[in-house]
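Residue numbers (numbering that gives the first Met the number 0), protein chains in the order written: chain H, 0 to 377; chain C, 0 to 377.
In case anyone wonders, no lab produced these hints; they're calculated from the structure.
Keep in mind that the hints are not guaranteed to be accurate.
For chains that are exact copies, the list does not tell them apart, and a pair is met inside one copy or across any two.
Within a straight-line C-alpha distance of at most 27 Å, the following computed DSSO-like cross-link-like pairs (lysine-lysine) qualify [said to hold, decoys possible]:
1) 291 x 113
2) 35 x 375
3) 82 x 303
4) 16 x 291
5) 113 x 35
6) 167 x 15
7) 291 x 82
8) 295 x 82
9) 117 x 16
10) 167 x 355
11) 167 x 16
12) 82 x 204
13) 303 x 15
14) 82 x 35
15) 16 x 180
Being a predicted model, the structure only gives us computed values, none of them experimental.
Protein chains: 2
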Amino acid sequence: MTLDSKKEPFHFNLLKKDAGSRARLGTLTTSHGQIKTPAFMPVGTQATVKSLLPETVRQLGADIILGNTYHLYLRPGHELIRKMGGLHEFMNWHHPILTDSGGFQIYSLGALRKLSEKGVVFRSHIDGSSHVMTPEYCIAIQHALGSDIMMCLDECLSYPASFDETEKSLELTVRWARRCKETKNSERNALFGIIQGGAWPRLRKRAVDDICDIGFDGYALGGLSVGEPKEIMYEMVEMTAPLCPEDKPRYLMGVGTPEDLLACTALGIDMFDCVMPTRNARNGMLFTNSGKIAIKNARYREDKAPLDEQCRCYTCRNYSRAYLRHLFIAREILAIVLNTIHNVSFYLTLMENIRKSIQEGVFEDFRRNFLKNIRKND
Amino acid sequence: MTLDSKKEPFHFNLLKKDAGSRARLGTLTTSHGQIKTPAFMPVGTQATVKSLLPETVRQLGADIILGNTYHLYLRPGHELIRKMGGLHEFMNWHHPILTDSGGFQIYSLGALRKLSEKGVVFRSHIDGSSHVMTPEYCIAIQHALGSDIMMCLDECLSYPASFDETEKSLELTVRWARRCKETKNSERNALFGIIQGGAWPRLRKRAVDDICDIGFDGYALGGLSVGEPKEIMYEMVEMTAPLCPEDKPRYLMGVGTPEDLLACTALGIDMFDCVMPTRNARNGMLFTNSGKIAIKNARYREDKAPLDEQCRCYTCRNYSRAYLRHLFIAREILAIVLNTIHNVSFYLTLMENIRKSIQEGVFEDFRRNFLKNIRKND
């Protein structure tokens, strides 16, 4: 790996802080381009944002997408992707990519066999084969993928977990984070630390201290949206975010609904990812500015209106609800494509409007209005 | 329905006849635009060419697509489509559409209950509901869809069928064709007659006489590619095509492979449709200028080359065989999208090259060369 000619290939510029909340406006610079924050990252699990051409993802407004290390490691394999010129080249996406550590998937998908100081032994959900993941290997894989933003291997507990269990897990995550940082060998690839600590404020605080002590290019809140009540998630974000260094980006992993994005932006989060817009699209659940729509509903059978009158996406400009319902009922692939275009557009347009409203100093107004509208039909 | 202001909204211009074969170059004018012939029509069974945006289908070079009357009648229903402004508007395809009569699907998909002089009673393959299709209703449905080229309801026998059975069926098809023509009530919608007669030359000849006697805007050869040996299909096309009026387009229904398109163009056919490029794409069977590829094959695991070095389609310009294999193995929707783009492009590029070679008087050379190349790896 060669060093980038610029001194700081990765840096975060904090452009503005909202007066009425902790919301922040910024830009993240990576070796594959800039990311406007607050940012939402569409999920491209297996080297594709499901059903979309990469050009479409870009046109919809994505500055960055997320790739799943666990999935790509198992299939097609990181060495294959390295040989193909890295993940960007392989999947024809020439903009920033963040890869997770695979930790979450190892615990949620793989049959976990043994966790030790060294790492974790797990079985593939595809063929049951046995694999060893260590902090060092995790970073090596992400280097092979050519990720712009790599994540540390962590242990991600589900909710609820006892104080003692969470403390023990957190300490391991901190030791692993140190090993991840020591393994990183390129300035071109940024590395984020992950703050765990479950639903225990004292442990969250300690995690921030310990992880920030090691020092990373950005800080992620992990272990949230794993089954805990929404209020606990918000409470953890609210107390943790302001403890993080102001000059580094803050990433809330795996979150969330449009309401979550607004709430957590207000709490000082800069980056989000979630499968919700893409997965819901495949299930026919569509986001609109006047609430959610289940497109298979009989009420849309002869509905000439677009999905969302306020939306300017390709789907809303060209198709009726009646057509989208027909495609979905007939199990046509185009249903998934058009639904995904709309939902991803909805999320990315929301983020664009959030950024605009912070810029213009009307974030809280925007948030109140948006929430009022999407709750109209609930 | 109002008459188009032009006297002949539908007409065929025969531009050139090939010197070395019966191949013809022409243009078909419909109320939704022109079609260059020989033409291949991608199949859009359920108001979508599976997995493709209509703009993509157009960009790949399609002048016309085919819609399936049987499928659209059952779901979402032709009256719904009429209310939505017709099939073009419903599916956002503003170019010519040919609709089949549904006859073939009634015999192949629906449980046929009773065929009578009046029409055919059949059961839906979706929910088992009972339906009556008559020649009059078939045309009314296609009018509701707003098809540019409608097809007569026919009886389509499978192979083999006895002389007597074929003769009886043919006579019914001719009587039905007359009723279809009498029902047609708009100059905007052309109507093609269908020539049946199975594998019996005498009956094929009689079918041409009887159907041409009624007089249609174009003539289709039906009941081929239904299980008969390839030589019989070619023999039937060879003897039937030249008997059809020279000034009307000739359409070979449901055919075929790239080889078939070349062979039957040489025999005087102007229009083709087939599910092969789209269906094979979904199954990972890809056409290339050096033969067919099963993309799941392990030999493509680390293959950096595009599917087809000679192809200029979006898929070949941007992705490796290794990536396409990965997507296919991982059952990603994008696999189907990219494969379909390539296969449809392959078919439409073939047709473009066929037209160019007829224009330049080198059709037979082109054909020989093309066949030599695609057989190289067989």
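Which hints, by number, does the structure contradict? 1, 2, 4, 5, 6, 9, 10, 11, 12, 13, 14 and 15
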